[in-house]
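Novice: This is what each chain is made of:
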Amino acid sequence: MNKVYSKIESIAGNVITVKADGVRYGDLAQISASFGTSLAEVIKLDEDIVSLQVFAGARGVSTGDEVRFLGKSMQVAFSEDLMGRVFNGSGEPRDKGPALKDNMIPIGGPSFNPARRIIPRNMVRTGIPMIDLFNTLVESQKLPIFSISGEPYNELLARIALQAEVDLIILGGMGLKHDDYLYFRDTLEEGGALGRSILFIHTAADPVVEGLMVPDISLAVAEKFALEGKKVLVLLTDMTNFADAMKEIAITQEQVPSNRGYPGDLYSQLASRYEKAVDIEGAGSITVLAVTTMPGDDVTHPVPDNTGYITEGQYYLRGGRIEPFGSLSRLKQQVNDRTREDHRPLMDGMIKIYSAYKDALEKQSMGFQMTDWDLKLLKYGALFEQEMMDLSVNVPLEKALDNGWKILASCFEKEETGLRSSLIEKFWPIEV
Amino acid sequence: MNTSGTVIGINGNMVSVRVDGNVIMNEVGYVLTGGKRLKSEVIRIRGDVAQMQVFEITKGVGIGDSVEFSGEMLAVELGPGLLGQVYDGLQNPLPELAEQAGFFLERGVYLDALDRENRWEFTPVAAVGDVLEPGDCFGTVPEGPFTHKIMVPFAHREAVTVTKIAGQGSYGIDEVVLEGNTPRGGQVQLTMRFEWPVKRPISLFDERLKPTEPMVSKVRLMDTFFPVAKGGTYCIPGPFGAGKTVLQQITSRHAEVDVVIIAACGERAGEVVETLKEFPELMDPKTGRSLMERTIIICNTSSMPVASREASVYTAVTLGEYYRQMGLDVLLLADSTSRWAQAMREMSGRLEEIPGEEAFPAYLESSIAAFYERAGIVRLKSGETGSVTIGGTVSPAGGNFEEPVTQATLKVVGAFHGLSRERSDARKYPAIHPTDSWSKYSGIMPPHHVDYAHGILSRSGEIDAMMKVVGEEGTSLKDYLVYQKGEFLDAVYFQQNSFDPVDAAVTPDRQISVFALILHILAAELDLADKDEARRWFYQLRQKFLDYNGAEWHSDDFNRLEKEIREMVLSKTVGSDPAAASILEELK
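Going down the list, the protein sequences come from chains A and B.
If you read the first sequence in this note's numbering, its first letter stands for residue 1, the second for the next number, and so on.
If you read the second sequence in this note's numbering, its first letter stands for residue 1, the second for the next number, and so on.
Misleading hints may appear alongside valid ones.
Said to hold, decoys possible - Listed next, the in silico BS3-like pairs over lysine-lysine satisfying Cα-Cα at most 30 Å (straight line):
# : chain 1 : residue 1 : chain 2 : residue 2
1 : A       : Lys363    : B       : Lys478
2 : A       : Lys230    : B       : Lys59
3 : B       : Lys563    : B       : Lys588
4 : A       : Lys224    : B       : Lys478
5 : A       : Lys247    : B       : Lys59
6 : B       : Lys563    : A       : Lys7
7 : B       : Lys468    : A       : Lys376
None of these hints come from the bench; they were simulated from the model.
With the hints as extra help, turn the sequences into a complete structure.
Specialist: Here you go:
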């Protein structure tokens with residue numbers, strides 16, 4: 001079966017064609033080029049013409065290079081040995097550890113039967129008040145972090161990786177700057193979280209095609225662990241790079257682009273990844289947080305736009321903070337009535353006052369006379385930003401709620417907060 | 001002997017097959033690979049090569065794999081037992097699939113759509129010697145709250161003279177319940193089930209009627225302002241997060257129709273789960289039975305194969321037409337038609353067709369039109385009427401309605417419920433835009449009453465925009481009162497509290513009565529000294545009205561609050577708007 005072909009018919013972009021028989025759609029092949037060997041995947045079959053997408057890129061591939069079909073599709077090793085390791089987009093070790101070859105599992109498996117899904121019920125605690133208190137992350141949720149280049153989204157992801165109360169973190173990096181990769185690795189190591197993490201990293205220096213595999217590999221491994229009862233958090237950064245890689249391949253294959261050059265199946269492609277998020281009855285769960293950078297801060301750009309239709313809310317990261325307006329966890333209602341009785345009212349109340357603070361701030365900047373109430377709001381706003389919105393704050397939800405009451409008490413009279421009297425009686429701090 | 005073929009090309013979920021005989025356009029075939037049979041549909045024929053879309057992942061398919069053709073077009077199974085089912089786009093029952101295959105949707109597993117074990121209490125209504133045409137009813141079985149008609153298969157070409165019919169008793173759906181002869185001497189044996197190709201409308205009726213009777217959704221904004229008629233069509237476009245799916249879910253619960261079919265087409269699986277888990281627990285006030293008994297869910301969510309997503313809306317509408325043939329009113333909710341259009345776009349791209357706008361195929365508009373045209377109210381040969389109403393959501397890219405799917409849909413629907421980002425951001429539910437939306441159907445209110453209220457609202461919006469420039473102090477008291485009236489109308493009538501058990505679903509009677517009260521308030525000339533007093537007064541009135549909205553219809557609370565509201569308004573009324581004189585006269 002493993003016949004070697006040594007005549008490459010055409011090379012265009014990262015796609016090569018060879019004449020071969022007995023090849024199946026999605027099979028892998030190995031190409032021995034002058035620069036070394038690379039994997040390639042069958043992406044089209046037309047009679048005996050086989051089109052292959054070369055993971056390492058076709059640059060330097062000669063028409064006389066050897067192509068050997070492996071008779072299997074893309075797989076990744078699955079075992080406890082993955083923990084603490086770093087791999088590239090083809091599943092090969094990026095650290096100094098040994099390659100893993102046992103218990104290979106296919107990637108991009110079938111979708112979860114909707115009839116077997118359950119209503120999400122567990123909160124994922126992250127220690128970040130803007131998430132836990134105001135837009136609670138829920139197990140099985142898929143949420144993007146909408147951001148623009150230059151924002152500390154990778155720092156935020158690293159923080160979540162360190163603090164989140166889950167069994168396992170899988171980090172999938174696509175088109176990552178090498179510095180960012182090192183940052184992730186070192187931060188996780190220093191924070192003592194590397195042992196419960198698996199990293200699949202594709203850097204900007206690696207061939208584009210390899211990056212396309214990262215979400216599928218990460219999610220295939222996550223799925224196996226979830227079936228074994230693990231609570232898995234998958235962090236992906238940056239999905240816009242993933243979409244751009246798809247765009248690049250689609251265009252070199254002369255596919256008709258739909259919107260700003262992106263292929264027509266962008267929505268389905270993104271959805272098939274995000275929909276892997278699931279809470280499995282009687283086993284574990286997969287929760288997905290994915291950075292999506294918005295070119296030009298434009299949420300109507302095809303990538304964030306399609307993402308928004310797929311995911312269950314979004315976090316906006318602006319000015320180094322999770323924006324309270326616009327950010328939304330659509331599943332928070334499923335859990336935030338069972339945390340503490342003041343959770344929901346405090347969440348609504350504090351945001352309402354913060355919005356009034358924004359108005360007061362505008363008034364101030366326009367040089368209007370400030371009333372006593374305005375001054376109270378300004379004090380509140382500053383405290384809110386410092387105690388709640390600052391990303392370095394790491395407190396459990398209950399502490400964050402207590403802090404919320406303290407902030408209110410240090411700025412306002414009880415009746416000015418608009419909160420129910422029974423709650424005020426119970427939670428208003430005695431000493432400020 | 002059916003045609004067979006071999007795979008000669010694979011591109012994504014499209015395979016090219018060399019065939020050895022005749023093939024039918026849209027014929028179903030099975031690609032045999034790795035011990036599995038993958039269902040596919042012919043979508044283009046060129047010489048002896050048929051191009052087929054595969055309803056499954058094509059990984060592992062190879063050149064030379066053989067293909068079996070069925071000789072049939074893509075069809076659904078029709079018969080008793082459809083209600084309460086959860087199907088994928090190809091009518092595979094998902095809960096049964098889960099029992100067989102576990103957590104994941106294993107490819108190549110196709111199960112019977114209708115339970116073969118279940119037995120039905122059959123009552124014959126035809127007699128030996130009767131001559132029956134296709135679609136004629138020859139027996140009935142009870143199905144949930146309905147009398148399910150057992151009909152001569154729609155695709156049957158000839159009349160059938162009954163020679164034998166089963167007596168009253170319980171039968172399985174595969175048992176022969178009728179035997180007969182055809183004029184040309186053929187023998188016919190009929191069971192309680194048959195098939196119909198999904199892409200062909202069922203047209204066995206006397207006449208298509210004009211949709212006039214309102215389809216009550218119990219959403220005030222829809223019923224009063226932008227009504228939908230039974231047998232009509234409407235669309236709900238909106239950006240992500242504007243509440244399209246929530247609105248559809250609420251409608252699926254409260255709509256006054258017999259059967260609801262939910263087509264979850266390419267959207268989140270999580271959203272279907274809520275319906276799946278909650279409907280069996282909820283009671284249908286009309287029948288006193290579980291809501292699930294009047295519901296069919298077609299669930300082909302975003303990560304499921306895209307070709308069956310394309311088929312799913314047709315599956316849904318065919319099931320709708322089937323129940324329409326029994327004289328029932330059916331509501332089909334398709335969420336979202338954009339995902340269906342995208343599925344067409346993906347296949348068109350694979351076929352390398354010349355693309356239209358945003359790479360959608362040139363036949364996008366005609367396909368959308370043909371789909372919505374399958375709605376309608378018809379007079380059946382039996383003299384009864386039945387209807388299919390279609391409501392589709394649209395997910396326009398970037399929330400911009402100037403895109404091909406929204407535009408093509410707007411051309412063919414009878415009502416447009418556009419959702420607005422501003423209204424949903426302001427947490428106003430439903431976020432249907434009160435000035436941009438429209439409807440061509442007549443609703444439960446006289447149109448000029450609605451127009452009057454609408455006029456106040458538009459004027460109020462203009463004044464609001466003006467006030468942002470000149471400030472409150474630069475606005476006249478008269479204008480300010482109009483502004484307050486508009487805000488009041490928005491707050492107490494347009495918006496509805498979907499969490500409040502009473503306010504979530506408002507009956508037409510109540511809408512008519514409350515709307516009359518609102519018209520009185522809108523038309524009243526109010527004696528309010530200044531803007532401060534006006535603001536306070538309207539604020540008070542609003543609070544009272546919201547309580548009134550939350551009070552059970554005709555309860556003591558309701559009557560008391562209504563009296564208080566009337567007194568409060570009366571105490572400040574010094575006259576009325578002359579433009580509303582005729583309306584007030586009619587309301588007496």
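Novice: Please flag the earlier hints that this structure goes against, numbers listed from lowest up.
Specialist: The structure breaks hints 4, 6; every other hint is satisfied.
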